[in-house]
Amino acid sequence: MDMQDKEFDDLFRSKLDGFEAEPSANVWPKITEGLETQKRRKTFAPWLGIAASIVVLIGVGLFFIPKKANTGAKPQAKDPIAVITHPAIKTPTVVTQTQVPAGANTPAKLKQETEIARVENKQTPNTGTSKADDTVMAPEKTFVKDDHQVLANIQTKPITPAKPVVPDVTVQLAVKSSIDQLSGQGIKPDKLASQNLADNKKDSVLVKRKHKIHNFGDLVNLVVDKLDKRQDKVVQFADDEDGDSHLTGVNLGIVKIKKGE
Amino acid sequence: MFLENKYTTDELVKRCKAGERKAQELLYKQFASKMLGVCCRYATDRMEAEDMMQNGFIRVFQKIEDFRGEGSFEGWMRRIMVHSSIEYYRKHHKMMQLVDLDEAGAESTSNPLATAKLEADDLLLLIQQLSPGYRIVFNLYAIEGYSHREIAAIVGITEGASKSQLSRARSILREQVIKMEGKKYGYAG
Chain A
-7 MDMQDKEFDD LFRSKLDGFE AEPSANVWPK ITEGLETQKR RKTFAPWLGI
43 AASIVVLIGV GLFFIPKKAN TGAKPQAKDP IAVITHPAIK TPTVVTQTQV
93 PAGANTPAKL KQETEIARVE NKQTPNTGTS KADDTVMAPE KTFVKDDHQV
143 LANIQTKPIT PAKPVVPDVT VQLAVKSSID QLSGQGIKPD KLASQNLADN
193 KKDSVLVKRK HKIHNFGDLV NLVVDKLDKR QDKVVQFADD EDGDSHLTGV
243 NLGIVKIKKG E
Chain G
19 MFLENKYTTD ELVKRCKAGE RKAQELLYKQ FASKMLGVCC RYATDRMEAE
69 DMMQNGFIRV FQKIEDFRGE GSFEGWMRRI MVHSSIEYYR KHHKMMQLVD
119 LDEAGAESTS NPLATAKLEA DDLLLLIQQL SPGYRIVFNL YAIEGYSHRE
169 IAAIVGITEG ASKSQLSRAR SILREQVIKM EGKKYGYAG
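Residue numbers (our numbering), protein chains in the order written: chain A, -7 to 253; chain G, 19 to 207.
No lab work stands behind these hints: they were computed from the structure.
Given the structure is predicted, the values throughout are model-derived calculations rather than measurements.
Hints are supplied without guarantee of correctness; some may be wrong.
Simulated coverage check for chain G against chain A, where a stretch passes if three residues somewhere in it have a Cβ under 8 Å from a Cβ of chain A [unchecked claim]:
| id | region |
| --- | --- |
| 1 | 62 to 74 |
| 2 | 141 to 155 |
In silico lysine-lysine, PhoX-like type, Cα no more than 25 Å apart, as pairs [unchecked claim]:
| id | chain 1 | residue 1 | chain 2 | residue 2 |
| --- | --- | --- | --- | --- |
| 3 | A | 34 | G | 35 |
| 4 | G | 47 | G | 24 |
| 5 | A | 250 | A | 225 |
| 6 | G | 32 | G | 47 |
| 7 | G | 47 | A | 31 |
| 8 | A | 22 | G | 81 |
Even for Gly, the Cβ is constructed at its ideal location relative to N, Cα and C.
With these hints in hand, go ahead and build the complete structure from the sequences.
What follows is the structure in structure tokens.
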């Protein structure tokens, strides 16, 4: 069988090894054309490389300049992401302290309480906030009207009466929220939305934000925050509405990438 | 015509290395029909063969500086043509995976020497009718004389695949040879 195969192959080889065929006349022009384009490509290649890298550098530059301007101009744009803030952790004690003087209701103190309230609200995932607000609303309105007529007169919008709501509610909420933290439940999107609204209403309030660890991204943020003190960290994550963390920034010194909010 | 014959291959190669277009043309004229003969075995038709040869010659002139004079220039050129033909299939067909298994027939017991009656053109036609995977392996093994290991490296398949494709190519060719002989000369012979 092997012999047969070999003979078979040999026959093909003897007939076809020296096989020749005359090419058509248009092949040579095509070859010279091909050689020319290759030559041109060779001479242009380095220039193309340089041009491409310049374009890329300019592109990267343009990409980062507006980003930096943005972060400087309105730092609060990030606030919605800072779902849970540091003061929130301490609030239960703070609230109990401020609760009694709240009766005095100096504007400054009220403001202070609203700050805390805001933080507390952010943290409450489970309690129907609207429900809580309703129950507290009524006593508060009277409370404000009694002691601070001026305030009530000037600000007829429902927003202002909502401010002092806090003291009574916060205690409840604080307890609940701490339970929620224990049970490890995240913050629901609809709650986030209401928080965002609250944020917009009280833009003046600035709270130093610090992430709480809910997922891997937060953990990385925490570690990087300790090691990297630059404004743009080497790696940055942010939580989205669903509580999932996403990579939003990379800073390798030369290469910086940052996703806009 | 006289001028063209004045130069030896070595001289032409030297001038081609210097990038002389006229020398390239003379070299092309000297080898074109032989190289097209090679490409024809790897192609389905003449058009494809010319495309393969065109790419092959472009590569020859680009790489001619690498030719150190070890072995014949024609052999070096042939190898480039073979590689360029296989490259052509890589680009234009998803060749190796597209082997038509139904083509493989039963092993024929006919006397292979009967093929002696067939002309080169007939055999070429039979090879061109094979599916690309079979055609390439049969060419590389039976005509170019590569080993299965070399074929595996060139084509990017396993040695086992090379062996099985070769035996299938052979059995298809045997079958076709018998058919063709029957048509041409009658079975009585």
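For each hint, the structure was consulted:
1. Here the region 62 to 74 of chain G counts 6 residues with a CB under 8 Å from a CB of chain A, which clears the bar of 3, and the coverage holds.
2. Counting residues of the region 141 to 155 of chain G whose C-beta lies closer than 8 Å to any C-beta of chain A gives 3; at least three are required, and the coverage claim holds.
3. With a C-alpha separation of about 17 Å, the suggested pairing of residue 34 of chain A with residue 35 of chain G holds against the 25 Å cut-off.
4. Among the hinted pairs, residue 47 of chain G with residue 24 of chain G is consistent with the structure: their alpha-carbon atoms are about 13 Å apart, no more than 25 Å.
5. Simply put, residue 250 of chain A and residue 225 of chain A have alpha-carbon atoms about 10 Å apart, close enough for the 25 Å limit, and the pair holds.
6. With a C-alpha separation of about 16 Å, the suggested pairing of residue 32 of chain G with residue 47 of chain G holds against the 25 Å cut-off.
7. Distance hint between residue 47 of chain G and residue 31 of chain A is fulfilled; the C-alpha atoms sit about 22 Å from each other, no more than 25 Å.
8. Pair hint residue 22 of chain A plus residue 81 of chain G holds up; C-alpha atoms about 18 Å apart against a cutoff of 25 Å.
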